[in-house]
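Participant: Respectively, the protein sequence lines represent chains A and B.
Residue 1 is where the first sequence starts when you use the working numbering, and the numbers rise one by one after that.
Residue 260 is where the second sequence starts when you use the working numbering, and the numbers rise one by one after that.
Treat the hints as calculated values from the structure; they're not laboratory data.
Everything numeric in this text was worked out from a predicted model, so none of it was measured.
Please note: incorrect hints may appear among the correct ones.
Pulled a few chain A residues facing chain B out of the computed Cβ check, cut under 10 Å [unchecked claim]: (1) Gly74; (2) Ile81; (3) Arg93; (4) Arg101; (5) Ser230; (6) Glu233; (7) Arg237; (8) Met238; (9) Val239.
Some chain A residues flagged as far from chain B (calculated, every beta-carbon gap over 12 Å) [unchecked claim]: (10) Arg10; (11) Asn41; (12) Ser60; (13) Leu75; (14) Gly79; (15) Gly82; (16) Glu98; (17) Ile102; (18) Arg111; (19) Gly175; (20) Ile176; (21) Gly220; (22) Leu252.
Partial selection, computed: residues in chain A whose CB lies under 10 Å from chain B [to be verified]: (23) Phe91; (24) Glu92; (25) Val135; (26) Gly141; (27) Lys143; (28) Ala170; (29) Val171; (30) Ser174; (31) Thr185; (32) Trp251.
Heads up, the beta-carbon is just placed ideally off N, CA and C, and yes, glycines get one too.
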Amino acid sequence: MADPLAVETRGLTRLFDGKPAVTSLDLRVPAGAFYGFLGPNGAGKSTTMKMLTGLLRPTSGEARVLGADLSRDGLSVKGRIGVVPDGLALFERLSGSEMLRIQGQLYGLDRLVAARRAAELLEAMDLASEGGKLVQDYSHGMKKKLALACALIHGPELLFLDEPFEGIDAVAVSGIRRMLQDLVTRRSLTIFLTSHVLEVVERLVTHVGIIHRGRLVAQGTLDEVRASGSLEETFIRMVGEERAPGPGLSWLGTRGDEK
Amino acid sequence: MKEALRALVELRARLLWRRFTTRGGIAEGVASVVLLALAIPVGLGFAVAVGFGAYQSVKAGGGLRSDVGAAAIFFGLWQTWTAVSLTLNDREGLDLNRFLVYPIAPGRVYGMGLATGIVGDPMGLVWGAMLLGVFVGAAMARPGAWLGLLAVTLAAFAVATVVFVALVQEVLDLVLSTRRLREWATVLSVVVSVGILALLLKSTDRPFRAIGDVLPSLRVLQWLAWPAAFPAAASRELFAGRNGASLPWIGGLLASTAATGWLSFHIALRQARGAGTSGGSASRGGPTPAGTGLPGGRWGALVEKEARCLWRQPLARVDVLLAPAIATFVAWKVEPRISLEAGEVLRALPLFGVALYTHLLLQAFWLNAFGWERGGARVMFLAPLDLAAVLRAKGLVLYLFSLLLFLASASLMAIVGKGSAPPWALAAALLLHAGTAPWLLAAGNLVSILRPRAASFAIQRSSALSTFSGLMGMGIVSGVMGFFALPALLAIRAESTVQLLAGWGLLGAAGAWVWWKAVPREARLLADRRDDFLPTVCGDDA
């Protein structure tokens, strides 16, 4: 019997002003997998994630998340997933602890339970001393950690992370990486992650999907996709050959007097 | 450096152009044209009026008539210019914070921002036409070389007013964003209010006698409005033909303009360099406790989030100061002028006006309800929430906030006006306030969903509403006021307060029904429009 799927799409397509951003996407993310969704800039990663999380309507195609049809049972699916979207989803005028607690309540948690989990998450994210500070005063890395905490507070079965390592330092990357690995091994949580940082992805994921110009060009377990090479080599081979270096920039490297 | 400035001008022009050519830009363009079409004849009309006033003052050649004319022109112009600029001025395109990274002197960027306050604003046409009217009126009355000095005075007056507005905005922003200053400002305002109240109540038989006694010595306060006081004094001399005597006043105007500009620039620079670190904390003592306060559950969380975010809005805090101040002024200056014979309904009109005004003050929040959500707006679509509940929570919190403003204002009116409005009027005003709210909120939701705008948190760069939304707001408010004016007109005619209460009660109940029915449909519209709505509100397409 085949593995149950956490995410399954058929012919998922999204057009912007008639131009395709994502075309006929057939994703298959097994339950319990750590799925890395990779692609160069503008390939359609964020658009796909937005469609899978209800932030964007598909132009055509079907999407099933945790076994439910997203177009029909969107509300019930939302309650079972956690999302860290591109650009984050935080209210700047709430404090970190208020943001977490209110987020928990919005996902149906009791106020006291939400507050207790908020305190635990702040501790786990190393934000406990900053819990009373307004989100607007957080650094980018702190906001990323808070957004991840928000996505976890209600105990989701599936976690969507859009570029979780972008714009944060190596220490924070390492901390988040450890936490994600721990989450996958401790319980049957599925993680769907997009990232540019291939070295980190390679060390984390069990499954990979590569999207290029809106189309899925590879999908499978990490070993299946990268075959004998590294993930980076496979990625570059699939999304396009290495570009020849362009002509040098005439004004750099010389003390030109052109102003 | 010239290239850099040229680039800045080009940037400003391109941003303006893009505003009209991107998604929804045509509606913005049409709204701007409509505003201009309104501004030009209004400006010309007022220009003729002030031009005639200047003509008469110059012809009088000195004395009381000339002095009063000069004072009326400059104080009147300054007052309206300042009030309109504080509400509408949009200097977001040249936000100092964004330009600190460029090798351009921040002072030049700031100067450009101020200049756009004069030439880049449709209302600038109105003020420009009025100043031109003053000049033409004076020239027709007495041509001569003295007009050169008058031209300098008028130009300096324009710059001084814009710089003054900038200073007020920067100071307000500083006060409202720094916790310690905010606390001191609150203490100070309480002390001043108590002092004024004590002064008013000093003589219990005639509460205003105390004010009357001190009024002559309060004349010195006119210099708080120095952008008007200096040119008024200079014009007094110029109109009377004493050119030499006007020079110290013109010099004073130029010097104080320069000093104010320097001060406002340095406050703005300090704020820009410290941006993101001066917002203060909600509470410094770590995580907030959960066991107290608002009710739990999704609904409680929605209401709590709305209440906290609204209260932390600088604009809302300004409204808290503004509404009672205006109501006190109305009770002090307007109510006593309505005679007892005018009838009870007419005597209650100032109170009714304040009831409506508290909604007007908050129009940025009901016409652009999602304007300050930023990334948080995504939560509404990511969490398993009924969007109708989101809209209801927003409406409820905004109504309660408006009610709070109204109750504070009405209490002050009762104290200052010594109960000049009849007792039933408070109930009627509450009915009016509650009855108009659902109509405004239902219509405001539509505008908020169809024309959202990522608004600035800083009040000195107030761009909470697009031109289109502003125009729609004018239409909605006029329509609702027209609706509710009908029972009032009938009641005045019949001298029946019962008729008024019944009419407003019916309209309010109809409004509540309309709001209740409209919200689910508006929620569906919001869900349908999320593809365009989210990038705009989150500021992704800024």
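Participant: With reference to the structure, classify each hint as holding or not holding.
Facilitator: Structure-based check of all given hints:
{"no.": "1", "hint": "Gly74", "result": "holds (9 Å)"}
{"no.": "2", "hint": "Ile81", "result": "holds (8 Å)"}
{"no.": "3", "hint": "Arg93", "result": "holds (4 Å)"}
{"no.": "4", "hint": "Arg101", "result": "holds (6 Å)"}
{"no.": "5", "hint": "Ser230", "result": "violated (33 Å)"}
{"no.": "6", "hint": "Glu233", "result": "violated (33 Å)"}
{"no.": "7", "hint": "Arg237", "result": "violated (32 Å)"}
{"no.": "8", "hint": "Met238", "result": "violated (28 Å)"}
{"no.": "9", "hint": "Val239", "result": "violated (24 Å)"}
{"no.": "10", "hint": "Arg10", "result": "holds (21 Å)"}
{"no.": "11", "hint": "Asn41", "result": "holds (15 Å)"}
{"no.": "12", "hint": "Ser60", "result": "holds (14 Å)"}
{"no.": "13", "hint": "Leu75", "result": "violated (5 Å)"}
{"no.": "14", "hint": "Gly79", "result": "violated (4 Å)"}
{"no.": "15", "hint": "Gly82", "result": "violated (9 Å)"}
{"no.": "16", "hint": "Glu98", "result": "violated (6 Å)"}
{"no.": "17", "hint": "Ile102", "result": "violated (5 Å)"}
{"no.": "18", "hint": "Arg111", "result": "violated (3 Å)"}
{"no.": "19", "hint": "Gly175", "result": "holds (20 Å)"}
{"no.": "20", "hint": "Ile176", "result": "holds (18 Å)"}
{"no.": "21", "hint": "Gly220", "result": "holds (29 Å)"}
{"no.": "22", "hint": "Leu252", "result": "holds (18 Å)"}
{"no.": "23", "hint": "Phe91", "result": "holds (4 Å)"}
{"no.": "24", "hint": "Glu92", "result": "holds (6 Å)"}
{"no.": "25", "hint": "Val135", "result": "holds (9 Å)"}
{"no.": "26", "hint": "Gly141", "result": "violated (14 Å)"}
{"no.": "27", "hint": "Lys143", "result": "holds (9 Å)"}
{"no.": "28", "hint": "Ala170", "result": "violated (23 Å)"}
{"no.": "29", "hint": "Val171", "result": "violated (22 Å)"}
{"no.": "30", "hint": "Ser174", "result": "violated (25 Å)"}
{"no.": "31", "hint": "Thr185", "result": "violated (26 Å)"}
{"no.": "32", "hint": "Trp251", "result": "violated (15 Å)"}
When each numbered hint is compared with the structure, violations occur for hints 5, 6, 7, 8, 9, 13, 14, 15, 16, 17, 18, 26, 28, 29, 30, 31, 32.
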